[in-house]
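Participant: Read off the chains here:
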Amino acid sequence: MAHLNTQPNLPSPDEFYADLLAAHEGLSDDESAALNNRLILLLANHIGRHDVLCDALGAAK
Amino acid sequence: MFQDRYPLAFKLYPYEKSKDQDAPKAVRHPVVIVGGGPVGLATALDLGRQGIPALVLDDHEGIGMGSRAICFAKRTLDIANRYGCGAPMLEKGVVWNVGKVFQDDRQVFEFNLLPESGHRNPAFINLQQPYFEKFIFEKIRAEQDTGTPIEIRGKNRVDAVDVRQDHVVLTVATPDGPYDVEADWVIACDGASSPVRGMLDLGFEGRVFQDSFLIADIKMKSTDFPTERWFWFEPYFKSGASTLLHKQPDDVWRVDFQIGWDVDRAEEMKEENIRKRLDAMLGDDVDYEIVWSSIYTFQCRRMNKFRHGRVVFAGDAAHQVSPFGARGANSGIQDVDNLGWKLGLVIAGTAPENLLDTYDDERVFGADENILNSTRSTDFITPKSKASKGFRDAVLMLAEKYEFARPLVNSGRLSVPCTYDASRLNGPDHLPNGPDRTRVGSPCPDAPVAGGFLLDHLGTDFVLLAINTEAPEQIDIDGIKVRTVSVRTSDNPTGALAERYLGSEAQAVYLIRPDQHVTARGRVYTEDALRAALLKACGKD
Ligand SMILES: Cc1cc2nc3c(=O)[nH]c(=O)nc-3n(C[C@H](O)[C@H](O)[C@H](O)COP(=O)(O)OP(=O)(O)OC[C@H]3O[C@@H](n4cnc5c(N)ncnc54)[C@H](O)[C@@H]3O)c2cc1C
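The listed protein sequences correspond, in order, to chains A and B.
Using my numbering, the letters of the first sequence correspond one by one to residues 1 to 61.
Using my numbering, the letters of the second sequence correspond one by one to residues 1 to 541.
It is worth saying that the hints were derived from the structure and are not from the lab.
If you're wondering where the values come from, they're calculated on a predicted model, not measured in any experiment.
Incorrect hints may have been included.
[Stated by the list, open to error] Derived DSBU-like pairs: lysine-lysine, alpha-carbon spacing no greater than 30 Å straight-line:
1) Lys19(B) with Lys92(B)
2) Lys11(B) with Lys61(A)
3) Lys238(B) with Lys92(B)
4) Lys401(B) with Lys155(B)
5) Lys155(B) with Lys19(B)
6) Lys238(B) with Lys270(B)
7) Lys61(A) with Lys92(B)
8) Lys247(B) with Lys100(B)
9) Lys61(A) with Lys100(B)
10) Lys389(B) with Lys247(B)
11) Lys61(A) with Lys247(B)
12) Lys238(B) with Lys11(B)
13) Lys386(B) with Lys61(A)
14) Lys401(B) with Lys386(B)
15) Lys247(B) with Lys401(B)
16) Lys61(A) with Lys389(B)
17) Lys238(B) with Lys219(B)
18) Lys305(B) with Lys276(B)
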């Protein structure tokens, strides 16, 4: 994993996780999946590096 | 007519008729504490040690059976040390540092709390709640023998409260019938279902979680389970949606099974059914005895305000959290720590009554922090939607291989004290390069000093902590005593004192409240600055 940072990097992990759950609150399963899809695309664009994203695809499998 | 609501682990204060019961007119006491749980007992000890007569009324004659709380945090032990009852807790308690998290049949990861060195107390001990209470009680007895004005009345049940202008009248049921007693101040420490709260018709709002847990405390007859905390998500042995295993003193282990909302309690509580779950987990060859079991549901809620005129609520009566994170009793003891000195000054007439409103501000803030943390843990442990469960599973899967996901695994964020950043009692922070952890509002961290530990010298009075600098030995400001503690970092070769209190400063003075929270700091002592900060810290500005 040369490019992807898999060390802890979130300043407040619990707060992030709570926000993530809050974003999904009240959504149907399909709506949740759609939200995740949009989220991944946004984050991928922000990362903006193909090598990093490929590492992430591998790690998530 | 006088039925116990629960069996006792220790009968400590059998009912005795008090002379108040035969008095022609209700007798007035400065402080009446309703409830002799850990919070009520600690309140009595705090006030009694200040010389304030404290009367505890409890509807039982001792400590309830069953352990409930088992994890007591460093801050609680620090406070107990201040009250003189920390040593036996530490001696009896089990110290642990290693935790393991499992999912199904695989270990996700292992952590070590890696406690920072240079503290008298460890990060946590595990100790059955009845022992914790008993050690406080034994200290009360020892204090009573030297004339400390504490009285505990067993089988004295508060049945009615009548709040008057400057006092409260309590109607108390006893085996000899009811009597009235008056109090200048009432501290309601009567637990989560607080009858006093009900009598005053006050609300208790929050979230009830749709789940229940079966607890079994088991004594192992033959084993060498390690002194570690093991937490399973969706264990392969199927005894619960999650399971916790944690060691207590006396070879007793706490097992907690998450069993769901729609359960037949009577059925689940049958020994044979509890054993089925335990055997599936432990295997057939482990021999144990069940010493206590119970089913609990949990909620996160609090009162809107903890002070209602002359009636002040503390502990579970004021706020309730889910057990994940061990914040119930631990936060209740912090309530006592916060309230004790404030009530002491108000009763002595050296601070205005509205100082007590800052108990409300500070401890409501603390309760919210605890509720937030324990709600988050609860959401992770018992996900409430498919999306939430999906993220939980993703975190657990990734955590096995990738370190980044481990901080997201939340099987309980263990209790730490809060920093009163926004307290109106706070004075200035004039130590620009001082460490963040000792900023104004923080609880003082311990550190080694010549001949012992720093916290042994702080608290109970206001303390002026002078580090590498001079200050007068004792100062009286407006009837309030400030005691100076002078230390030098050159006496502390480990460097911990400098790291925790100086940062890159060469010297510092800290004004520290009786509850060991920093209320102002700066580089040098000046009489004017001290006076201003002290008056502010006592609500007198
Ligand atoms: C399963 C479980 C696990 C827990 N684990 C932890 C943990 O690891 N760490 C932690 O810090 N906390 C934990 N807690 C929480 C902890 O047990 C409570 O926060 C703690 O007991 C609260 O103390 P208290 O003194 O406020 O109330 P209580 O302990 O409930 O005491 C209230 C007292 O008031 C008395 N009383 C009630 N009504 C009256 C009346 N009308 N007149 C006179 N007396 C009255 C009662 O008899 C009782 O003695 C746990 C709780 C549970 C259920």
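Participant: Now, for every hint given, state plainly whether the structure supports it.
Facilitator: We went through each hint and held it up to the structure:
Pair hint lysine 19(B) plus lysine 92(B) does not hold up; C-alpha atoms about 38 Å apart against a cutoff of 30 Å. For the hint pairing lysine 11(B) with lysine 61(A), the CA-to-CA distance comes to about 59 Å; that exceeds 30 Å, so the pair is violated. Among the hinted pairs, lysine 238(B) with lysine 92(B) is inconsistent with the structure: their alpha-carbon atoms are about 33 Å apart, more than 30 Å. In summary, the hint linking lysine 401(B) to lysine 155(B) is not supported, as the alpha carbons are separated by about 57 Å, beyond the 30 Å threshold.
Restraint check for lysine 155(B) and lysine 19(B): satisfied, since their Cα atoms lie roughly 15 Å apart, inside the 30 Å limit. A threshold of 30 Å between alpha carbons decides the hint, and for lysine 238(B) with lysine 270(B) the separation of about 18 Å falls inside it, so the pair holds. With a C-alpha separation of about 48 Å, the suggested pairing of lysine 61(A) with lysine 92(B) is violated against the 30 Å cut-off. Taken as a hint, the lysine 247(B) and lysine 100(B) pair is honoured in the structure, with Cα atoms around 13 Å apart against an allowance of 30 Å.
Taking the CA atoms of lysine 61(A) and lysine 100(B), the gap is about 24 Å. The hint holds against a cut of 30 Å. With a C-alpha separation of about 29 Å, the suggested pair lysine 389(B) and lysine 247(B) falls inside the 30 Å cut-off, and the hint holds. A threshold of 30 Å between alpha carbons decides the hint, and for lysine 61(A) with lysine 247(B) the separation of about 37 Å lies outside it, so the pair is violated. At most 30 Å may separate the alpha-carbon atoms for a hinted pair to count; lysine 238(B) and lysine 11(B) exceed this at roughly 39 Å.
Straight-line distance between C-alpha atoms of lysine 386(B) and lysine 61(A) comes to about 20 Å, which keeps the hinted pair within the 30 Å bound. This hinted pair checks out: lysine 401(B) and lysine 386(B) have alpha carbons roughly 24 Å apart, not beyond 30 Å. The hinted pair formed by lysine 247(B) and lysine 401(B) meets the criterion: a straight-line CA distance of about 28 Å does not exceed 30 Å. A C-alpha spacing of about 18 Å is found between lysine 61(A) and lysine 389(B), which places the hinted pair at or below 30 Å, so the restraint holds.
The hinted pair formed by lysine 238(B) and lysine 219(B) meets the criterion: a straight-line CA distance of about 22 Å does not exceed 30 Å. Annotation: proposed proximity of lysine 305(B) to lysine 276(B) is violated, straight-line Cα distance about 45 Å (limit 30 Å).
Violated hints for the displayed structure, listed by number in ascending order: 1, 2, 3, 4, 7, 11, 12, 18.
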